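**Student:** Protein chains in written order, with the working numbering: chain A, 1 to 307; chain B, 1 to 289.
The set of hints was computed from the structure by calculation and includes no laboratory data.
Mixed in with the good hints, there may be bad ones.
Claimed, not checked - So, partial list: chain B residues that the calculated Cβ filter (under 8 Å) puts toward chain A:
hint : residue
1    : L32
2    : A80
3    : T81
4    : P84
5    : P137
6    : V273
As the structure is a prediction and not an experimental result, all values here were calculated from the model.
C-beta: ideal position from N, C-alpha, C; glycine also.
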Amino acid sequence: MAATQGTIQPGAVSLGGGSRRRELGRWLFILPVVFLNLVVIVGPALFGVYIAFTDWSGVGSMNFVGLENFARLLQDQVFWKALRNNLVWTAIFLVVPIVLGLLGAYMLTGIRRGQMFMRVAFFVPYVLPSVVTTHIWRYLMHPRVGLGQWLSDTFGIDFLDKAWLGSRDTALYGIAFMDNWHFWGFPLVLLLAAMSAVDVELYEVARLDGASRFQQFRHVTLPSIRPTLVFLLLMIAIWSALVFDYIFLTTGGGPANASEVMGTHLYTTAFERFQTGYAATIGLVMVLWVALVVGGFVYLRKRGWEI
Amino acid sequence: MNLAVRWPSAPVTLASSWNLSSLKNYAVLVVLVFFALAPLYALVVNSFKSRVQIAFSPFGLPRRWLFSNFNIAWERGDFATSLPNSIVLATATIVLVLLFAGLAAFALARLRLPGANYLAFYFLVAIAVPPQFYMVPLFFLWRSLGMLNTFHGMIIIYVAIYSPFAIYLLRSYMVSIPEEFVDAARIDGAGNWQVFRRLILPLSWPGFLTAGLVVGLSVWNEFLFAQTFMPRPELNTVATSLAAFQQRGGRQWGLTNAASVIMITPVIVLFLVLQRRFIHGLTQGGLKA
Numbered sequence: 001m002a003a004t005q006g007t008i009q010p011g012a013v014s015l016g017g018g019s020r021r022r023e024l025g026r027w028l029f030i031l032p033v034v035f036l037n038l039v040v041i042v043g044p045a046l047f048g049v050y051i052a053f054t055d056w057s058g059v060g061s062m063n064f065v066g067l068e069n070f071a072r073l074l075q076d077q078v079f080w081k082a083l084r085n086n087l088v089w090t091a092i093f094l095v096v097p098i099v100l101g102l103l104g105a106y107m108l109t110g111i112r113r114g115q116m117f118m119r120v121a122f123f124v125p126y127v128l129p130s131v132v133t134t135h136i137w138r139y140l141m142h143p144r145v146g147l148g149q150w151l152s153d154t155f156g157i158d159f160l161d162k163a164w165l166g167s168r169d170t171a172l173y174g175i176a177f178m179d180n181w182h183f184w185g186f187p188l189v190l191l192l193a194a195m196s197a198v199d200v201e202l203y204e205v206a207r208l209d210g211a212s213r214f215q216q217f218r219h220v221t222l223p224s225i226r227p228t229l230v231f232l233l234l235m236i237a238i239w240s241a242l243v244f245d246y247i248f249l250t251t252g253g254g255p256a257n258a259s260e261v262m263g264t265h266l267y268t269t270a271f272e273r274f275q276t277g278y279a280a281t282i283g284l285v286m287v288l289w290v291a292l293v294v295g296g297f298v299y300l301r302k303r304g305w306e307i
Numbered sequence: 001m002n003l004a005v006r007w008p009s010a011p012v013t014l015a016s017s018w019n020l021s022s023l024k025n026y027a028v029l030v031v032l033v034f035f036a037l038a039p040l041y042a043l044v045v046n047s048f049k050s051r052v053q054i055a056f057s058p059f060g061l062p063r064r065w066l067f068s069n070f071n072i073a074w075e076r077g078d079f080a081t082s083l084p085n086s087i088v089l090a091t092a093t094i095v096l097v098l099l100f101a102g103l104a105a106f107a108l109a110r111l112r113l114p115g116a117n118y119l120a121f122y123f124l125v126a127i128a129v130p131p132q133f134y135m136v137p138l139f140f141l142w143r144s145l146g147m148l149n150t151f152h153g154m155i156i157i158y159v160a161i162y163s164p165f166a167i168y169l170l171r172s173y174m175v176s177i178p179e180e181f182v183d184a185a186r187i188d189g190a191g192n193w194q195v196f197r198r199l200i201l202p203l204s205w206p207g208f209l210t211a212g213l214v215v216g217l218s219v220w221n222e223f224l225f226a227q228t229f230m231p232r233p234e235l236n237t238v239a240t241s242l243a244a245f246q247q248r249g250g251r252q253w254g255l256t257n258a259a260s261v262i263m264i265t266p267v268i269v270l271f272l273v274l275q276r277r278f279i280h281g282l283t284q285g286g287l288k289a
């Protein structure tokens, strides 16, 4: 292609030279983005790997301390609490939004009137910013003015009237509930789009065989939308390591680290305690998490799993 | 990962005989719609109430619509500062992402770069690195370059973060442009730049619009980087400024609700007008919003 361009190009002074210039010129198209990513993401990330092995505080000297930060990680109760909470978070989000999304999408395929409106309604929470989502639910979960108090006052239902975010037992689940309200429309529309691509005749055949609606879902819908489902589970497993906004804006990881996650622990370590080296070490665990998830996915695929 | 699933423009229905049970479907769906929208309803009605009214009737319609909440929230929430800041950041980021990512997507889709696969892999890695991990070294790099608390420092970060997503989205639009068009333009003597400007840009504008919307939404809503790299109050974005106002506002639910409504109104309106583009863009890029 490049060679033919050179020969056809009427304005070229020297055919060979023009083609080479154009060859180099192609790289100019991609250079700005590669450069920006190098400066903002890849460069700092590589630097981060290095400072994870130092005692750097962000200012002053940087001393190489070997595996000291990693030894500290093993002793750090807050870190283990945070890692455990990230795992709980992952488990919740692998199940709840997926089940809700599957339910909503499958029900939508059974109706015609109102479907377009409902699709949009389900997706609205997903475009809201975290600062607003957390604000709405901080109010609704508030022990004095919120939903629980209202249900208790109006209907005498008082089991929901608790300080959800103020209690060590429920804070993490309360925040997960908020983020789930924001998020579940995302799997729903992806799953609905996948369901729309399923061959309708498969359902006809299944019905002729006497399959119930649930059996149709189990044996026709689910296998057909598997690529989308696997993609969603993969993304959720990655994103669950990164959760930050919802925790930071509601409890800040409290009370008593009960809702601490790696993201908030890293943030306070870096920007409140100024232990830059150790913060980078926590960040490395997050990198390792993502690498394990992606690596596991690639491994299973190579082993012949159809995912 | 590209799922190549198109967002269907008509209602999706799987089986006609379901009409018998569609009443049950509606029952479930109405509950789900209620779950999705009721919290927003609570936010909006309470933005028109005084503190006393909220305590008296937390979910009913306001007895007296208190529009003054919005004036007070505008002032105490410092929107006169944060709104222009966010608009500048979002606009500059959109323009630069579309320019740079557009050029890169064009190169990856149509210029047959040797090693294009490696480049695609590079951008995938750049997406997958946890932001908190590179954020810490980046903070100190930005400090030593004097780019903390500057718009250009913030814009550079946003452009770098959101470009890979835009590249994937735009590339998928550009590869659908027939190669013969490009060949024909070249025979007419068009160089790479002219092919991009005269041919690719006009033909893939829906992709640019979609990517621009998603990037704009992401910048508008973004909290973590804005909070960390521009902590000065006069540089607050709507997100960081609203978070600060919510902290200060304490129990003034009417006012903080009004401020939240101010922040999300442009987002909701734009989303309702262009919902298909938004949904397509947000679900195809693998971008966490």
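**Student:** Run through the hints listed earlier and report the numbers of any the structure violates, in increasing order.
**Tutor:** 2, 3, 4 and 6
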